[in-house]
Structure formats: structure tokens, C-alpha cells
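A.B. asks: The opening position of the sequence shown corresponds to residue 0 in numbering that gives the first Met the number 0, with each subsequent residue numbered one higher.
Rather than coming from a laboratory, the hints here were simulated on the basis of the structure.
Do not rely on the hints blindly, as some may be mistaken.
Unchecked claim - Now the in silico label distances, taken between C-beta atoms and shown as ranges: (1) E23 - Y73: 27 to 33 Å; (2) E72 - S47: 35 to 41 Å; (3) Q4 - Y68: 27 to 33 Å.
To be verified - Computed list of lysine-lysine pairs in PhoX-like fashion (alpha-carbon distance at most 25 Å, straight line): (4) K69 - K82; (5) K7 - K52; (6) K69 - K84; (7) K52 - K38; (8) K7 - K38.
For glycine and all other residues, C-beta sits at the position ideal for the given N, C-alpha and C.
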Amino acid sequence: MEDKQLVKVWIFGQEYALRASSNEDYIREVASYVDEKMKEIQESAPSSINATKIAILAALNISDELLSYKRGEYAFKEQVETKIKSLIERIDEVID
0 MEDKQLVKVW
10 IFGQEYALRA
20 SSNEDYIREV
30 ASYVDEKMKE
40 IQESAPSSIN
50 ATKIAILAAL
60 NISDELLSYK
70 RGEYAFKEQV
80 ETKIKSLIER
90 IDEVID
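Using the sequences and the accompanying hints, generate a full structural model.
C.D. replies: Dropping the structure here:
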């Protein structure tokens with residue numbers, strides 16, 4: 000079992016103490032990213048929107064980024080696999 004360390008981070012004006020087995024700098028980078036996303040939403044949203052709604056919108060935006068990245072990665076992987084199969088078939092034709 001990995002030792003978990005306590006990492007204190009600030010997100011949207013609130014301090015959070017997180018127990019994590021990941022690198023402390025990485026945890027801080029993740030928290031900073033979430034903080035930035037929440038501040039971006041706050042700047043573009045009406046002043047009456049509360050922190051919970053801002054957090055939900057930030058989570059949706061981050062999830063959208065992640066899924067878009069994953070879909071792009073899978074599409075690229077499929078393109079590479081198709082090209083590799085094509086090259087293998089060509090090599091087999093030349094060898095035969």
C-alpha cells in the first residue's frame with residue numbers, strides 16, 4: 000500500500016486538504032487547473048450564479064475536454080492501425 004501524503008490546495012477561494020499518493024506537484028497542477036476553469040466560468044457567468052453551479056459547469060467543461068481528447072486519440076489510433084495493416088499487406092505482397 001502506497002503512503003498517502005497530505006497536500007493542501009486552494010480552489011476557488013477554498014482550501015482543501017487532499018490525501019494523495021500522486022506527486023505533490025501534480026496534485027497542485029490538477030487543483031490549479033480546476034481553479035482556473037472555475038474562474039473562467041465565473042467571469043463569463045451572471046454574478047448571481049453560486050459556487051456549486053460554477054463547479055458543476057467547470058466539471059462539465061473539463062469532462063468535455065477529456066472526452067474530446069479521448070475520441071481524438073482513438074480516431075488517431077484507428078488511422079494508424081489501418082495504415083499499419085495496409086503496409087503489412089503490401090509487404091506481404093512483395094515478399095510473396
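A.B. asks: For this structure, which hints from the list above don't hold up?
C.D. replies: none
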